[in-house]
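Number of protein chains: 2
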Amino acid sequence: MGIVVQKYGGSSVADATGIKRVAQRIVNTKRAGHDVVVVVSAMGDTTDELRDLAEQVTPLPPPRELDMLLTAGERISMALLAMAIAQLGHKAQSFTGSQAGVITDSAHGRAKIIDITPGRIVNAIDAGSIAIVAGFQGVSQDTKDITTLGRGASDTTAVALAAALGAEVCEIYSDVDGVFTADPRIVPTARKLDRVSHEEMLEMAASGAKILHLRCVEYARRYGIPVHVRSSFSTKEGTWILADPTQGDPAMEQAIIAGVAHDRSEAKITVVGVPDKVGEAARIFEALASVEVNIDMVVQNISAAATGLTDISFTLPREDGNTAMSALARIHDEVGYDKLLYDDQIGKVSLIGAGMRSHPGITARFFAALASAGVNIEMISTSEIRISVIVDQAQVDAAVQATHTAFDLDADEVEAVVYGGTGR
Amino acid sequence: MGIVVQKYGGSSVADATGIKRVAQRIVNTKRAGHDVVVVVSAMGDTTDELRDLAEQVTPLPPPRELDMLLTAGERISMALLAMAIAQLGHKAQSFTGSQAGVITDSAHGRAKIIDITPGRIVNAIDAGSIAIVAGFQGVSQDTKDITTLGRGASDTTAVALAAALGAEVCEIYSDVDGVFTADPRIVPTARKLDRVSHEEMLEMAASGAKILHLRCVEYARRYGIPVHVRSSFSTKEGTWILADPTQGDPAMEQAIIAGVAHDRSEAKITVVGVPDKVGEAARIFEALASVEVNIDMVVQNISAAATGLTDISFTLPREDGNTAMSALARIHDEVGYDKLLYDDQIGKVSLIGAGMRSHPGITARFFAALASAGVNIEMISTSEIRISVIVDQAQVDAAVQATHTAFDLDADEVEAVVYGGTGR
Numbered sequence: 000m001g002i003v004v005q006k007y008g009g010s011s012v013a014d015a016t017g018i019k020r021v022a023q024r025i026v027n028t029k030r031a032g033h034d035v036v037v038v039v040s041a042m043g044d045t046t047d048e049l050r051d052l053a054e055q056v057t058p059l060p061p062p063r064e065l066d067m068l069l070t071a072g073e074r075i076s077m078a079l080l081a082m083a084i085a086q087l088g089h090k091a092q093s094f095t096g097s098q099a100g101v102i103t104d105s106a107h108g109r110a111k112i113i114d115i116t117p118g119r120i121v122n123a124i125d126a127g128s129i130a131i132v133a134g135f136q137g138v139s140q141d142t143k144d145i146t147t148l149g150r151g152a153s154d155t156t157a158v159a160l161a162a163a164l165g166a167e168v169c170e171i172y173s174d175v176d177g178v179f180t181a182d183p184r185i186v187p188t189a190r191k192l193d194r195v196s197h198e199e200m201l202e203m204a205a206s207g208a209k210i211l212h213l214r215c216v217e218y219a220r221r222y223g224i225p226v227h228v229r230s231s232f233s234t235k236e237g238t239w240i241l242a243d244p245t246q247g248d249p250a251m252e253q254a255i256i257a258g259v260a261h262d263r264s265e266a267k268i269t270v271v272g273v274p275d276k277v278g279e280a281a282r283i284f285e286a287l288a289s290v291e292v293n294i295d296m297v298v299q300n301i302s303a304a305a306t307g308l309t310d311i312s313f314t315l316p317r318e319d320g321n322t323a324m325s326a327l328a329r330i331h332d333e334v335g336y337d338k339l340l341y342d343d344q345i346g347k348v349s350l351i352g353a354g355m356r357s358h359p360g361i362t363a364r365f366f367a368a369l370a371s372a373g374v375n376i377e378m379i380s381t382s383e384i385r386i387s388v389i390v391d392q393a394q395v396d397a398a399v400q401a402t403h404t405a406f407d408l409d410a411d412e413v414e415a416v417v418y419g420g421t422g423r
Numbered sequence: 000m001g002i003v004v005q006k007y008g009g010s011s012v013a014d015a016t017g018i019k020r021v022a023q024r025i026v027n028t029k030r031a032g033h034d035v036v037v038v039v040s041a042m043g044d045t046t047d048e049l050r051d052l053a054e055q056v057t058p059l060p061p062p063r064e065l066d067m068l069l070t071a072g073e074r075i076s077m078a079l080l081a082m083a084i085a086q087l088g089h090k091a092q093s094f095t096g097s098q099a100g101v102i103t104d105s106a107h108g109r110a111k112i113i114d115i116t117p118g119r120i121v122n123a124i125d126a127g128s129i130a131i132v133a134g135f136q137g138v139s140q141d142t143k144d145i146t147t148l149g150r151g152a153s154d155t156t157a158v159a160l161a162a163a164l165g166a167e168v169c170e171i172y173s174d175v176d177g178v179f180t181a182d183p184r185i186v187p188t189a190r191k192l193d194r195v196s197h198e199e200m201l202e203m204a205a206s207g208a209k210i211l212h213l214r215c216v217e218y219a220r221r222y223g224i225p226v227h228v229r230s231s232f233s234t235k236e237g238t239w240i241l242a243d244p245t246q247g248d249p250a251m252e253q254a255i256i257a258g259v260a261h262d263r264s265e266a267k268i269t270v271v272g273v274p275d276k277v278g279e280a281a282r283i284f285e286a287l288a289s290v291e292v293n294i295d296m297v298v299q300n301i302s303a304a305a306t307g308l309t310d311i312s313f314t315l316p317r318e319d320g321n322t323a324m325s326a327l328a329r330i331h332d333e334v335g336y337d338k339l340l341y342d343d344q345i346g347k348v349s350l351i352g353a354g355m356r357s358h359p360g361i362t363a364r365f366f367a368a369l370a371s372a373g374v375n376i377e378m379i380s381t382s383e384i385r386i387s388v389i390v391d392q393a394q395v396d397a398a399v400q401a402t403h404t405a406f407d408l409d410a411d412e413v414e415a416v417v418y419g420g421t422g423r
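So the sequences go chain by chain: A and B.
So that you can map any letter, position 262 of the first sequence is 261 in numbering that gives the first Met the number 0, and since no number is skipped, the others follow by simple counting.
So that you can map any letter, position 300 of the second sequence is 299 in numbering that gives the first Met the number 0, and since no number is skipped, the others follow by simple counting.
Just to be clear, a hint being listed does not mean it is correct.
Claimed, not checked - Dumping the calculated DMTMM-like pairs for lysine to aspartate or glutamate here, alpha-carbon to alpha-carbon at most 20 angstroms: (1) A:90 with B:285; (2) A:143 with A:167; (3) A:19 with B:54; (4) B:191 with B:174; (5) B:209 with B:51; (6) A:19 with B:51; (7) A:338 with A:310; (8) B:143 with A:125; (9) A:19 with B:48; (10) B:19 with A:54; (11) B:191 with B:407; (12) B:90 with A:54; (13) B:19 with A:48; (14) A:143 with B:125; (15) A:235 with A:412.
As the list claims (entries may be wrong) - Which chain B residues stay away from chain A? Per the calculated CB distances, all over 10 angstroms, these: (16) 28; (17) 49; (18) 126; (19) 184; (20) 194; (21) 205; (22) 384; (23) 404.
I should point out that these hints are in silico values taken from the structure, not numbers from a laboratory.
Treat the numbers as computed from the prediction; the structure is a model and nothing was measured.
Cβ coordinates follow ideal geometry from the N, Cα and C atoms, glycine included.
Isolated chain A, as found in the complex (with noise of 0.2 angstroms):
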């Protein structure tokens, strides 16, 4: 049998107890006969509350300083879980992301990986040995400091070391039984998915699911890694995450639908009264690329041809709203529009199915279902496979509900439990 690369995230390793719980799962699979490396965050809360000693110290810590500070965390939970595996009578050894051959480019904080060199994780495992790696950091290529991936990113950590050592799997532990059709606690009769295509997830990710970060699915999709979202507080099989879904089981068809997603953390900007002239657009962007905000949908009225200006919405993370409302009032005189309009009190849902593809009235019927449930939706956004609409805060729940309802993804009774302490 292969290599199976596990994740557990913060929640599954939280305590003593925790640690060991999970140590038996892992030398559960390791008896089953597989080969098995082990990606693990830091314990519960332990990266905030290192965030906190930083903060204590300096409002601005150096961001490799920061990282430094930040990758003691799954130091410690990958000692305590080598150590709960060897209690358990197997041989298990730790590697940090740089032993690990996590290879990254040198933006602390937010670390992209450029290579995996795991030379000691296959050394390990041919010496019969359980690897567990730190998830979150890396090496820095060119200045050979320790970085950090970004929040979440033991995710991907765990998806990259499958696609370098060729795993049969990667799993990703959480304290949640899969990838739901909604967010369950918005929608009580939310469905667990068995299996979901690569590029659903990828636009569940994209479109507020938490459950996976963007960027491991990402890789995923790329190298064609399979992924099972699983609880590891359960023996319950999760959500597996295929290139196919169909495939193996060509009797299945595959849903139309694959779920409902919202994001509740972005706002929206207005630029009102901008002159239709060609380069405007470009220029209001290329002021908020200067700052690094990420837009994320953008809608531009039809110019009215009486007054010859027109009005540009966008949406971004709201964290960004005042960087953005910054850039955009210096541009002001350049650009000559009228005013600015900031509203942080919207909300975004997003249907998502590869089966929109070849279904037809998909879009009608979406917007049906927010119209009976008295929804007004501000702006549109679609991609094959998604569509997205932004509308007021307060009605997002109702606009889950109505939308999980009108697609018939209803379960019969309640599926989804949450077993964990704290958050991922």
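Starting from the known structure of chain A, fit chain B onto it as the hints suggest.
Showing chain B alone in chain A's frame:
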């Protein structure tokens, strides 16, 4: 000006306030024109807390993983210290033992430094940075695994780095003002020594003085590194440990006696009725060596001719007591001794001074002081510059006080102040 290596113990960096105070000291040294390399221990009780965590997971943690775990402690303190220095407007970079080039053997938990290849440290200080190095840790030459050097070994890291960098001085900061003629908790009128020789400091450390780690002093003597032991809570001069304390000050005559040390951590074993034949003592000490028990003092009574039997007494660390007794029990039939006596209610009192070499009568004066204080001597051992006696543990304080007074070491007033809260 040259390179100054400064080492700060856990009590000096116990919290954010301590870290900021230490950062200010470091920056002051840098502003005075020195290149500064700092060695730092883990914050306060971090190392003990990490050991507790390990114990919650397994009673017998694999040494490799325990080292991986414990090294998280300095990772946290060094990163925070670098941040605090940056906050004061100076460049600082932290380095793990491995990054600093601290190459060791593979004996996890008690690794020895084999070599120091401080290329990255040199580059950092050449670029104007202050280099912060994790104490207590290194990397194995053979396995490339992370190692620790044993409790209190950050002092050793500092002196070894000072030697490798050709530093002009290694400053060891703690929560006491320097090296005293006796433990101020026992002798309130103990005097701070301004200067002491490497060899005297070595004997004091080996005799129970806890201010400096034994291996650190050995390193300093071998490479002739001037060490300045001082408090991180005051700006007073501490104690200089030098190859020749009279150097540069020809008018100064070296003191005959440097101080009185004591040690309550040993136990005594007496093997009663050993056949007085060639090779019997060898068998006993081979049995102890095979279980890695370190012997300190050894006394063999003159054989009573009538019986052909002799008694052998020796002292050892109390924590090795059980191991030693078991090893001796196993060779009972082979050696044919009468019985074993175990006494852990002993204490060792040592008088140390390079002046002993040229001043006869020291031993007589020492023993007379003990006698007048009513202290009975159980064992005696001497070196060229040290006399040690084993006494009843309850009489250690009286023995130290009487000796201190007999050699005119008492100051006119109380000098010692202990600043910190936690231990080193």
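Going down the list of hints, with the structure as the test:
The suggested pairing of residue 90 (chain A) with residue 285 (chain B) is violated, with an alpha-carbon distance near 33 angstroms, which exceeds 20 angstroms. The hinted pair formed by residue 143 (chain A) and residue 167 (chain A) fails the criterion: a straight-line CA distance of about 31 angstroms is larger than 20 angstroms. With a C-alpha separation of about 12 angstroms, the suggested pairing of residue 19 (chain A) with residue 54 (chain B) holds against the 20 angstroms cut-off. Straight-line distance between C-alpha atoms of residue 191 (chain B) and residue 174 (chain B) comes to about 14 angstroms, which keeps the hinted pair within the 20 angstroms bound.
Distance restraint check for residue 209 (chain B) and residue 51 (chain B): the Cα-Cα separation of roughly 24 angstroms exceeds the 20 angstroms cut-off, and the hinted pair is therefore not satisfied. A hinted pair counts as satisfied when its Cα atoms are at most 20 angstroms apart, and residue 19 (chain A) with residue 51 (chain B) qualifies at roughly 15 angstroms. Our distance criterion of 20 angstroms between C-alpha atoms is met by residue 338 (chain A) and residue 310 (chain A), whose separation comes to about 10 angstroms. Among the hinted pairs, residue 143 (chain B) with residue 125 (chain A) is consistent with the structure: their alpha-carbon atoms are about 18 angstroms apart, no more than 20 angstroms.
Restraint check for residue 19 (chain A) and residue 48 (chain B): the C-alpha separation of about 18 angstroms stays at or below 20 angstroms, so the hint holds. Proximity of residue 19 (chain B) to residue 54 (chain A) is assessed by CA-CA distance (about 12 angstroms); at most 20 angstroms being required, the pair is judged to hold. A threshold of 20 angstroms between alpha carbons decides the hint, and for residue 191 (chain B) with residue 407 (chain B) the separation of about 14 angstroms falls inside it, so the pair holds. As the CA atoms of residue 90 (chain B) and residue 54 (chain A) are separated by approximately 18 angstroms, the hinted pair is consistent with the 20 angstroms bound.
Distance restraint check for residue 19 (chain B) and residue 48 (chain A): the Cα-Cα separation of roughly 18 angstroms lies within the 20 angstroms cut-off, and the hinted pair is therefore satisfied. For the given pair, residue 143 (chain A) sits about 18 angstroms from residue 125 (chain B) by alpha-carbon distance, which is consistent with the 20 angstroms threshold. Note on residue 235 (chain A) and residue 412 (chain A): the hinted pairing holds, with a Cα-Cα distance of about 17 angstroms set against a maximum of 20 angstroms. Separation of residue 28 (chain B) from chain A is adequate, the least Cβ-Cβ distance of about 19 angstroms exceeding the 10 angstroms criterion.
Residue 49 (chain B), annotated as away from the interface, has a beta carbon of chain A within 10 angstroms; the closest lies near 7 angstroms. Residue-level check passed: residue 126 (chain B) sits 12 angstroms from the nearest beta carbon of chain A, beyond 10 angstroms. No beta-carbon of chain A comes within 10 angstroms of the beta-carbon of residue 184 (chain B); the shortest separation is about 33 angstroms. For residue 194 (chain B), the condition that its CB be more than 10 angstroms from all CB atoms of chain A holds, with the nearest at approximately 36 angstroms.
Every CB of chain A lies more than 10 angstroms from the CB of residue 205 (chain B), the least distance being 33 angstroms, so the non-interface label holds. With 10 angstroms as the threshold on Cβ separation, the claim that residue 384 (chain B) sits away from chain A holds: the shortest Cβ distance comes to roughly 43 angstroms. The claim that residue 404 (chain B) lies off the interface holds: its Cβ sits roughly 47 angstroms from the closest Cβ of chain A, which is beyond the 10 angstroms cut-off.
In summary, the numbered hints that this structure violates are 1, 2, 5, 17.
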